[in-house]
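Chains as they are written, first to last, in our numbering: chain A, 743 to 1292; chain B, 104 to 422.
Since the hints were made in silico from the structure, they are not lab data. Don't take each hint at face value.
[As the list claims (entries may be wrong)] EDC-like, lysine to aspartate or glutamate: derived pairs with alpha carbons at most 16 Å apart:
1) B/326 - A/1220
2) A/845 - B/206
3) B/213 - B/174
4) B/236 - B/201
5) A/845 - A/785
6) B/117 - B/399
7) B/117 - B/335
8) B/402 - B/333
9) A/1111 - B/203
10) A/845 - A/1092
11) A/1111 - B/206
12) B/402 - B/335
13) A/771 - A/820
14) B/236 - A/787
15) B/236 - A/1067
16) B/120 - B/399
17) B/236 - A/788
18) A/845 - A/1093
19) B/236 - A/790
20) A/1111 - A/849
21) B/236 - A/829
22) B/402 - B/265
23) A/1111 - A/785
24) A/1111 - A/790
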Amino acid sequence: MFKTIRGRVILIVLMVVAALGYLFTNGIKYGLDLQGGMHLVLEVDDPDGTMTLEARADHIERSEMIIRTRIDEFGVEEPLIQRVGQDRLIIELPGIQDPGRAKALIEANAFLEFKLVKPTAQLQPALSRMDRAIVTTLGEEAIRALGRSVESPPTETLEDLLFRVPDTAPPPDTTEVEEAPDTAEAAAAADTVGAQVPATELRPFTALLNQGDADGIYFVAETDVAMARQFLALPELRRAIPRDLSLHWGSDPVGIGARTYRRLYVLEANAFITGDLLENAVAARDPQYNRPVVHFELNRAGGRRFAEVTGQNVGEFLAIVLDGEVMSAPVIRDRIGARGQIELTNAPMEEARDLALVLRAGALTAPLKIMEERTVGPSLGQDSIDAGILAGMVAVVLVVGVMLAYYRMAGLLALGALAVYAILVLGGLAALNATLTVPGIAGLILSVGMAVDANVLIFERIREELIAGRATRTAVDDGFGNALSAIVDANLTTLITALILFQFGTGPVRGFAVTLSIGIVASFFSAIFVTRTLFLLYLSGKKTADPISI
Amino acid sequence: MRIFSDANFSFIDKRRKAYVFSGALIVLAVLAMVANSLLIGTWQNYGVDFTGGSLIQVRFDVPVTAGDLRDALGGSAAYSITRFGDENEFTIRAPVRDDEGEEAVANEIKDALAAAFGGGNIEVVRTELVGPKIGGELQQKAAMAIVFSFFLALIYLAIRFELRFGLAAIIATIHDITLTLGFLAIFRVEIALPTVAAILTVVGYSLNDTIVVFDRIRENLNKKGGRKEDQEALVNRSINETLPRTVLTSGTTLAVLLALLILGGAVLRDFTLVLILGIVVGTYSSIFVAAPILLEIQKRFKFADSRERKKRRETAVPA
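My request is simple: use the sequences and hints to build the entire structure.
Listed below in structure tokens is the structure:
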């Protein structure tokens, strides 16, 4: 079929039509650097490195599905969610308007638990054991140094707290701040006091606790929260907590007078309801207090369990725990069926909607960590497109000018072949659903250069043959034949480079490799087949010995 | 129109001068990289893609200088502040910190800028936050990509040509990469992922150019009497025969890249700069490095061509 000119022309036309078809149905996707958007790389958060690769891969696989559901519900056009390697997830959200919100949505574990609040008295016997665990783990010196190192504390001095009888003490009043001694005196005082108190009497953790607003709730001054969190993170301390209890922070600070505190809840260790029993969640506005709430509905098994537990515990507090933090802890007034609500204090409606969304989509099985984040605003992307188009047009004019001036008619044929090349490349990009990035444009420019180079190689060979006195037709045939090996070798080595880039590259480099690979294949076809066909058409009206314009 | 169609320059005779010239440039390149290691701690000015850290690109509605920005950020030398294209656009880079994640660092910078210049006057057009782990992986991947592409190109050329062609092409490409890296080191161009793509494009272009010259040498060698001809003359003739193509292609490509450099905007600037340099170096090296090195290898190591070897093997068979 390709032996005849007609067959060649038909093949070229078919390919062009196919390319145009893909171009108009699929279109060309712009990368994030061109249209703006967010690119995230996520991994399972495993700071201790205790998870096996299989476990991490499994978590990532589940996370992919959950995050896909969340993003689909959030409504992003053409998001890309892809697992890379075994334990990594890439998320690309083109044209996103509010990157911060989208990120929070992706990062949220959305692990929901319902737990009963337990009386503080149940923790009481364990408190001194917990304090001792801290002292033995961090060392007596470190704890004493901790007390001394606190300079000009915004609330009560830590020394005061350290050696005060815990729990029953009322929230300290503000006068203490005014009376706080200056730093040097405090340090000196701490030295003497610290030396007198034996190690067994140190109360590093209990000293941070104040009585809360209900049984089962402690208040911790906002300034001490960081230290308390550090203590609670110690495995030794966690072992000292009774098996059937767990401690959870409240999600919002509480203001009492001039001070802010955070609640620390004593909860039953086992949750009686978890998020997987959830059937639906909808955000709404609480008409009574005009604040956002999330109404949830449990499935049948969840509903039965919920009714049973609430029925047995009327008058108790029920803690709604999201990702380890207590969102709210209402009193159980009556037996509750399958429906309930989560109250959000001080949160915009948007947050309630996002919470409902992540609850519906389900919880991540393990927390994820953002390893890489790239956000490009739409304006920068538009600038890049404008600059690229302008530079591209100038480049086209330059190439057209050089080819026509230097090769005349043959140059025109080459430009025809290059036009076919351009259509094939764009069609190829559309067919492969490849995204066009800034480096991708550069890859295209390189392959245009190689397409031009191939034509130059051929034409120079034809000229050589003509100078050597060959007849036109023979010169053209030999010119193509002689140039072939150089074109094949040059294109193949570049293709090898492009494929290696694709293999080892990530993100933008990959984009470059894709367009370069497509470009090289198209450029090879254009120079070897299309230019040749156009030449055959050009020669078909001439006699063997007629001169040609080259 | 026709250029260099009957060129007969004696390139090969001038090869010693070319060696000195290339040698001097390579020394300069290596010195620049060593100097960078001593002065800024790394041999290249790696961007956040490779070191990890935070990058924020900010556009201001009010006239601002890099000094203003540094003052707004507390005068710390840890931030690297660069003007980006337009008058009032800057990129601010912050290294990885032990005490804070990249996101927290980026937010600190944004808050400080908003406080100093007014939140309404700034627009964050780009944020890149890369964890240190990812950065290290990318460095490794880029190095692997270059080594692998060398290796595969060598194998390909050894099959399609002869081993010595492959070796000469690789030496010429190493020459080009060294000079390109030296240029990047001297001007401390930020090495980002697109820059690596550009370096690999230079590898591709350099190989492409060398192959065209080598293809002509191969062709002339395989012509009748080609093996008996004086090899220096043959190589020199081959270079001259491909000269019209070399000049036309390199010239056109350079013109296109210059257009890209002038009009392509700041996003593409570093990328285009590396390509322009790479094409100048690549064109020079295929004539003055690759072809002469091919001759040197042949002289030093007496690579017998396959046909001669075959003949010798046949005569060596005991009667």
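So, going through the hints one by one against the coordinates:
Distance hint between residue 326 of chain B and residue 1220 of chain A is fulfilled; the C-alpha atoms sit about 15 Å from each other, no more than 16 Å. Using a Cα cut-off of 16 Å, the hinted pair residue 845 of chain A and residue 206 of chain B holds, with the two alpha carbons roughly 11 Å apart. Pair hint residue 213 of chain B plus residue 174 of chain B holds up; C-alpha atoms about 14 Å apart against a cutoff of 16 Å. Restraint check: the Cα-Cα separation between residue 236 of chain B and residue 201 of chain B comes to about 13 Å, which is no more than 16 Å; the hinted pair holds.
Between residue 845 of chain A and residue 785 of chain A the CA atoms are separated by roughly 14 Å; this keeps the pair inside 16 Å, and the hint holds. Between residue 117 of chain B and residue 399 of chain B the alpha-carbon distance is near 14 Å, which keeps this suggested pair within the 16 Å criterion. For the proposed pair residue 117 of chain B and residue 335 of chain B, the alpha carbon gap of about 12 Å is at most 16 Å, so the pair holds. The suggested pairing of residue 402 of chain B with residue 333 of chain B holds, with an alpha-carbon distance near 12 Å, which does not exceed 16 Å.
Distance hint between residue 1111 of chain A and residue 203 of chain B is fulfilled; the C-alpha atoms sit about 14 Å from each other, no more than 16 Å. Distance hint between residue 845 of chain A and residue 1092 of chain A is fulfilled; the C-alpha atoms sit about 14 Å from each other, no more than 16 Å. Between residue 1111 of chain A and residue 206 of chain B, the direct Cα distance comes to roughly 12 Å. Compliance with the 16 Å bound is thereby established for this hinted pair. For the hint pairing residue 402 of chain B with residue 335 of chain B, the CA-to-CA distance comes to about 10 Å; that is within 16 Å, so the pair holds.
A hinted pair counts as satisfied when its Cα atoms are at most 16 Å apart, and residue 771 of chain A with residue 820 of chain A qualifies at roughly 10 Å. Only pairs whose Cα atoms come within 16 Å are accepted, and residue 236 of chain B paired with residue 787 of chain A is accepted, the gap being roughly 13 Å. A C-alpha spacing of about 29 Å is found between residue 236 of chain B and residue 1067 of chain A, which places the hinted pair above 16 Å, so the restraint is violated. Simply put, residue 120 of chain B and residue 399 of chain B have alpha-carbon atoms about 15 Å apart, close enough for the 16 Å limit, and the pair holds.
Restraint check for residue 236 of chain B and residue 788 of chain A: satisfied, since their Cα atoms lie roughly 13 Å apart, inside the 16 Å limit. As the CA atoms of residue 845 of chain A and residue 1093 of chain A are separated by approximately 13 Å, the hinted pair is consistent with the 16 Å bound. At roughly 15 Å between alpha-carbon atoms, residue 236 of chain B and residue 790 of chain A fall within 16 Å of each other, so this suggested pair holds. About 8 Å separates the Cα atoms of residue 1111 of chain A and residue 849 of chain A, which keeps this hinted pair within 16 Å; it holds.
Between residue 236 of chain B and residue 829 of chain A the alpha-carbon distance is near 14 Å, which keeps this suggested pair within the 16 Å criterion. Restraint check for residue 402 of chain B and residue 265 of chain B: the C-alpha separation of about 15 Å stays at or below 16 Å, so the hint holds. Proximity of residue 1111 of chain A to residue 785 of chain A is assessed by CA-CA distance (about 5 Å); at most 16 Å being required, the pair is judged to hold. Taking the CA atoms of residue 1111 of chain A and residue 790 of chain A, the gap is near 13 Å; set against the 16 Å cutoff, the hint holds.
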